[in-house]
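As they're listed, the protein sequences go chains A and B.
Its first residue numbered 483, the first sequence is counted upward by one per residue in the working numbering.
Its first residue numbered 483, the second sequence is counted upward by one per residue in the working numbering.
Don't read these hints as lab results, they were simulated from the structure.
Please note that a few of the clues may not be correct.
One copy or two, either will do: identical chains are not told apart, so a pair holds if it fits within one copy or between any two.
[What the hints assert, rightly or not] No farther apart than 25 Å at their CA atoms in a straight line, the calculated lysine-lysine pairs in the DSS-like style are these: (1) K486 to K823; (2) K843 to K486; (3) K486 to K607; (4) K607 to K489.
Small disclaimer: the values here were computed from a predicted structure and weren't measured.
Protein chains: 2
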Amino acid sequence: MDPKVIKIGLVGYGTVGSGVAKILFENAAEITARTGLQLDLARVVDTDTTSKRVFDLPEGLLTDDLDGLLADDSIDIVLELVGGTTFAKDLQLRILKAGKHVVTANKALLAEHGWDLYAAALEAKRCIAFEASCCGGIPIISALRTGLAANQIEGLYGIFNGTCNYILTNMTYEGSEFAEVLKEAQAKGFAEADPTLDVNGMDTAHKLAILGGLAFNCRIDLDDISVEGIEHIDIFDVRSGLEMGYILKLLAIGEKDADGRISLCVHPSFISQHSPLAQVDGPFNAISVFGNAVGNTMFYGRGAGMMATASAVVADIIDIALGTSQRLFETMPMATQTGQKADIMPMGEIESRYYIRIMAKDQAGVFAKYGQVLGKYNISIRGAIQHEWDSPEGTVPVVITTHPTLQKNIDAALTELEELDVIAQKPVCIRIVHIPEDKE
Amino acid sequence: MDPKVIKIGLVGYGTVGSGVAKILFENAAEITARTGLQLDLARVVDTDTTSKRVFDLPEGLLTDDLDGLLADDSIDIVLELVGGTTFAKDLQLRILKAGKHVVTANKALLAEHGWDLYAAALEAKRCIAFEASCCGGIPIISALRTGLAANQIEGLYGIFNGTCNYILTNMTYEGSEFAEVLKEAQAKGFAEADPTLDVNGMDTAHKLAILGGLAFNCRIDLDDISVEGIEHIDIFDVRSGLEMGYILKLLAIGEKDADGRISLCVHPSFISQHSPLAQVDGPFNAISVFGNAVGNTMFYGRGAGMMATASAVVADIIDIALGTSQRLFETMPMATQTGQKADIMPMGEIESRYYIRIMAKDQAGVFAKYGQVLGKYNISIRGAIQHEWDSPEGTVPVVITTHPTLQKNIDAALTELEELDVIAQKPVCIRIVHIPEDKE
Numbered sequence: 483m484d485p486k487v488i489k490i491g492l493v494g495y496g497t498v499g500s501g502v503a504k505i506l507f508e509n510a511a512e513i514t515a516r517t518g519l520q521l522d523l524a525r526v527v528d529t530d531t532t533s534k535r536v537f538d539l540p541e542g543l544l545t546d547d548l549d550g551l552l553a554d555d556s557i558d559i560v561l562e563l564v565g566g567t568t569f570a571k572d573l574q575l576r577i578l579k580a581g582k583h584v585v586t587a588n589k590a591l592l593a594e595h596g597w598d599l600y601a602a603a604l605e606a607k608r609c610i611a612f613e614a615s616c617c618g619g620i621p622i623i624s625a626l627r628t629g630l631a632a633n634q635i636e637g638l639y640g641i642f643n644g645t646c647n648y649i650l651t652n653m654t655y656e657g658s659e660f661a662e663v664l665k666e667a668q669a670k671g672f673a674e675a676d677p678t679l680d681v682n683g684m685d686t687a688h689k690l691a692i693l694g695g696l697a698f699n700c701r702i703d704l705d706d707i708s709v710e711g712i713e714h715i716d717i718f719d720v721r722s723g724l725e726m727g728y729i730l731k732l733l734a735i736g737e738k739d740a741d742g743r744i745s746l747c748v749h750p751s752f753i754s755q756h757s758p759l760a761q762v763d764g765p766f767n768a769i770s771v772f773g774n775a776v777g778n779t780m781f782y783g784r785g786a787g788m789m790a791t792a793s794a795v796v797a798d799i800i801d802i803a804l805g806t807s808q809r810l811f812e813t814m815p816m817a818t819q820t821g822q823k824a825d826i827m828p829m830g831e832i833e834s835r836y837y838i839r840i841m842a843k844d845q846a847g848v849f850a851k852y853g854q855v856l857g858k859y860n861i862s863i864r865g866a867i868q869h870e871w872d873s874p875e876g877t878v879p880v881v882i883t884t885h886p887t888l889q890k891n892i893d894a895a896l897t898e899l900e901e902l903d904v905i906a907q908k909p910v911c912i913r914i915v916h917i918p919e920d921k922e
Numbered sequence: 483m484d485p486k487v488i489k490i491g492l493v494g495y496g497t498v499g500s501g502v503a504k505i506l507f508e509n510a511a512e513i514t515a516r517t518g519l520q521l522d523l524a525r526v527v528d529t530d531t532t533s534k535r536v537f538d539l540p541e542g543l544l545t546d547d548l549d550g551l552l553a554d555d556s557i558d559i560v561l562e563l564v565g566g567t568t569f570a571k572d573l574q575l576r577i578l579k580a581g582k583h584v585v586t587a588n589k590a591l592l593a594e595h596g597w598d599l600y601a602a603a604l605e606a607k608r609c610i611a612f613e614a615s616c617c618g619g620i621p622i623i624s625a626l627r628t629g630l631a632a633n634q635i636e637g638l639y640g641i642f643n644g645t646c647n648y649i650l651t652n653m654t655y656e657g658s659e660f661a662e663v664l665k666e667a668q669a670k671g672f673a674e675a676d677p678t679l680d681v682n683g684m685d686t687a688h689k690l691a692i693l694g695g696l697a698f699n700c701r702i703d704l705d706d707i708s709v710e711g712i713e714h715i716d717i718f719d720v721r722s723g724l725e726m727g728y729i730l731k732l733l734a735i736g737e738k739d740a741d742g743r744i745s746l747c748v749h750p751s752f753i754s755q756h757s758p759l760a761q762v763d764g765p766f767n768a769i770s771v772f773g774n775a776v777g778n779t780m781f782y783g784r785g786a787g788m789m790a791t792a793s794a795v796v797a798d799i800i801d802i803a804l805g806t807s808q809r810l811f812e813t814m815p816m817a818t819q820t821g822q823k824a825d826i827m828p829m830g831e832i833e834s835r836y837y838i839r840i841m842a843k844d845q846a847g848v849f850a851k852y853g854q855v856l857g858k859y860n861i862s863i864r865g866a867i868q869h870e871w872d873s874p875e876g877t878v879p880v881v882i883t884t885h886p887t888l889q890k891n892i893d894a895a896l897t898e899l900e901e902l903d904v905i906a907q908k909p910v911c912i913r914i915v916h917i918p919e920d921k922e
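Construct all of the structure, not just a fragment, from the sequences and the given hints.
Shown next as structure tokens:
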């Protein structure tokens with residue numbers, strides 16, 4: 483049987499684009515043997531047609547003729563790999579209008595304007611495939627849409643940003659300061675020249691919006707997610723947590739309570755060092771998904787990088803070419819706009835344990851005043867560390883961990899603590915996230 | 483839009499069947515909201531219609547009328563959950579002949595007779611879906627067929643048997659003997675009354691035949707797999723390995739070398755305690771898949787049990803109902819019988835490191851004779867432990883680890899060592915499996 487030929491257009495020939503071209507050329511025989519498809523990269527468009535790329539395209543393939551690509555009726559599938567949210571949105575709409583399917587890795591665009599784009603795709607009777615938008619080569623979108631479709635998803639816990647995880651891993655095990663590790667990560671290519679969206683948690687939030695929507699089968703907007711980055715993390719707290727058995731991760735958390743309310747947040751989180759997620763080091767990503775039938779599952783792999791992301795892009799091309807992607811896109815409520823907005827739980831209602839570190843002035847009566855404030859808000863202490871320490875500034879760090887309490891109680895207590903004259907600076911507070919044990 | 487109604491028949495109402503029924507009834511609203519499908523369990527057939535089950539079916543649903551089920555034209559999908567390989571094979575053929583799709587969790591049947599069944603399904607223009615046959619609720623079959631389809635798979639390393647993993651985890655961390663932990667596992671329900679197929683490695687081999695075939699896109703027969711179980715593992719070796727930084731797992735290994743030759747084996751394996759697979763404890767399963775684009779990925783979850791397996795069965799029902807399963811089944815060479823037999827590397831050609839423990843008689847000259855044999859076969863020692871020990875029997879355990887060497891050299895050396903008069907019993911040899919580092 484002759485393979486079915488699928489012609490593909492690619493817009494944006496940067497790092498991921500180069501990876502896709504490399505796969506399409508170098509794994510062609512394998513892909514054809516496996517799928518019965520011959521994937522032909524027919525046109526590649528970029529405004530820059532001269533710079534040297536990681537993968538050299540055959541002569542003449544790379545042009546700046548976007549209109550020509552969109553007008554080429556032999557092309558069924560176009561990869562939008564330009565990034566950004568303005569031109570990229572317009573481009574996706576033009577691709578759909580031209581009657582072609584879209585494959586994208588653009589998490590920011592989908593998190594911000596996904597709903598408009600999905601509606602346009604349905605109208606055009608085409609689909610948008612976006613496996614590459616979250617967690618690189620890990621096929622987590624497919625797992626949430628079909629592999630775990632029998633389950634009511636109760637929670638998901640993810641490490642979605644390799645830059646942050648690389649930084650926190652180094653802080654944890656090497657004892658390096660945030661700024662120092664960030665510089666090193668940039669030098670090694672694990673962090674962007676402008677790492678703002680990574681370290682401030684927004685990149686993780688984009689992915690949580692997409693994956694949370696699939697997991698809980700509802701529409702999630704970025705505003706629904708409480709976001710805090712890792713820029714202000716002090717090495718002292720990383721090490722104190724470690725001493726108490728906790729590893730610090732930038733975690734994306736989505737949980738559904740018994741009343742169907744969903745809480746969504748991204749923040750530095752202490753997790754038990756025995757949790758499988760605590761073992762996810764360096765630039766890797768992982769996501770734990772809890773389903774009411776399947777229990778705990780975890781998916782692990784490279785969350786970014788040229789080849790891992792390209793692997794997911796090509797998987798999407800294959801799914802579209804086989805017709806399965808379109809089928810799912812039309813069936814799944816995410817795409818049909820019937821997905822309701824999530825019933826979001828206010829952050830204050832979240833019950834959790836917390837790590838709090840104050841800088842106590844080295845004088846009598848500190849503990850009493852400290853304890854009074856905590857007691858007032860019903861916050862019960864579970865553990866505490868105050869190492870003997872002669873501070874030149876006359877302040878000593880006092881670390882406590884709490885029993886489960888409401889976030890709003892913590893917030894109120896922190897505000898009051900800040901005003902205590904026996905405390906030298908704003909207290910540090912990091913949530914201790916309990917990832918459920920999975921017992922059948 | 484009204485949901486599309488799909489009528490389902492189920493044959494074999496045991497543990498997994500009960501789990502499927504539970505999901506279909508209790509998660510019905512969620513599944514319909516997510517997929518637009520209404521999954522109706524129309525008929526359930528078992529020879530035993532009276533025993534109390536974990537999930538109570540509505541009155542009248544459970545009968546012993548298999549012919550009635552097969553003759554019911556309203557039923558599109560039949561779940562074969564009877565297990566075994568004789569009646570089950572005949573049943574699957576009858577289901578296909580009746581024009582219905584098959585969903586099965588029967589790994590033994592697929593590993594032994596999959597090729598006949600796939601051919602029958604293609605002829606009947608129906609499909610066999612088998613996500614539940616490997617690793618319970620982990621959607622690994624879908625990941626290998628589509629999620630990672632852009633990759634040339636270079637290797638897979640799996641912990642596929644929860645019983646063995648539970649036993650080895652307990653031996654490692656509790657220091658218990660094999661027989662003792664097995665008894666405990668049976669009491670807790672983690673091991674079958676007859677655990678032979680689990681502990682002798684055959685259950686793991688069944689899964690490797692299925693997953694290896696998908697990963698390497700070829701036909702694998704059980705005879706292609708070298709299999710060794712954990713029945714003879716001595717607690718002494720588990721602890722000695724641990725002392726040297728290795729964790730013992732029953733590993734399924736599939737590797738493809740540069741010449742395209744595939745090696746397939748199941749055996750007790752020492753792996754580095756830093757490997758993500760080393761963290762997989764108790765009844766959990768996990769599989770690491772290395773693709774030439776995606777690098778290392780790992781999938782983790784419950785590999786067995788009522789609800790986890792049922793989760794995969796229902797995922798398959800959904801895929802069939804959406805039409806994606808049939809599409810893949812027809813496209814993928816695995817199913818089209820064009821899949822070539824694997825080019826299998828003889829076990830002797832495998833290059834690896836090894837752990838060897840001899841019981842040396844406590845006399846002069848042992849090391850010289852021991853070293854001579856190893857040297858003769860070019861086996862170089864990398865590490866050694868001999869604790870000072872006054873043995874009542876006059877023998878002491880001497881543990882060495884080797885540098886990489888060919889399995890056939892090890893085999894020859896072991897045969898010769900056995901004959902040495904300074905060695906008291908058959909040497910113990912356990913492969914040290916190097917799971918590749920993934921550096922992009």
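For each hint, the structure was consulted:
1. K486 to K823: Between copies only: 24 Å across, 40 Å inside.
2. K843 to K486: neither (74 Å within a copy, 68 Å between copies)
3. K486 to K607: For K486 and K607, both the intra-copy (21 Å) and inter-copy (20 Å) Cα distances are at most 25 Å.
4. K607 to K489: Within one copy only: 18 Å inside a chain, 28 Å across chains, cut-off 25 Å.
In summary, the structure is inconsistent with hint 2 from the numbered list given earlier, while agreeing with all the others.
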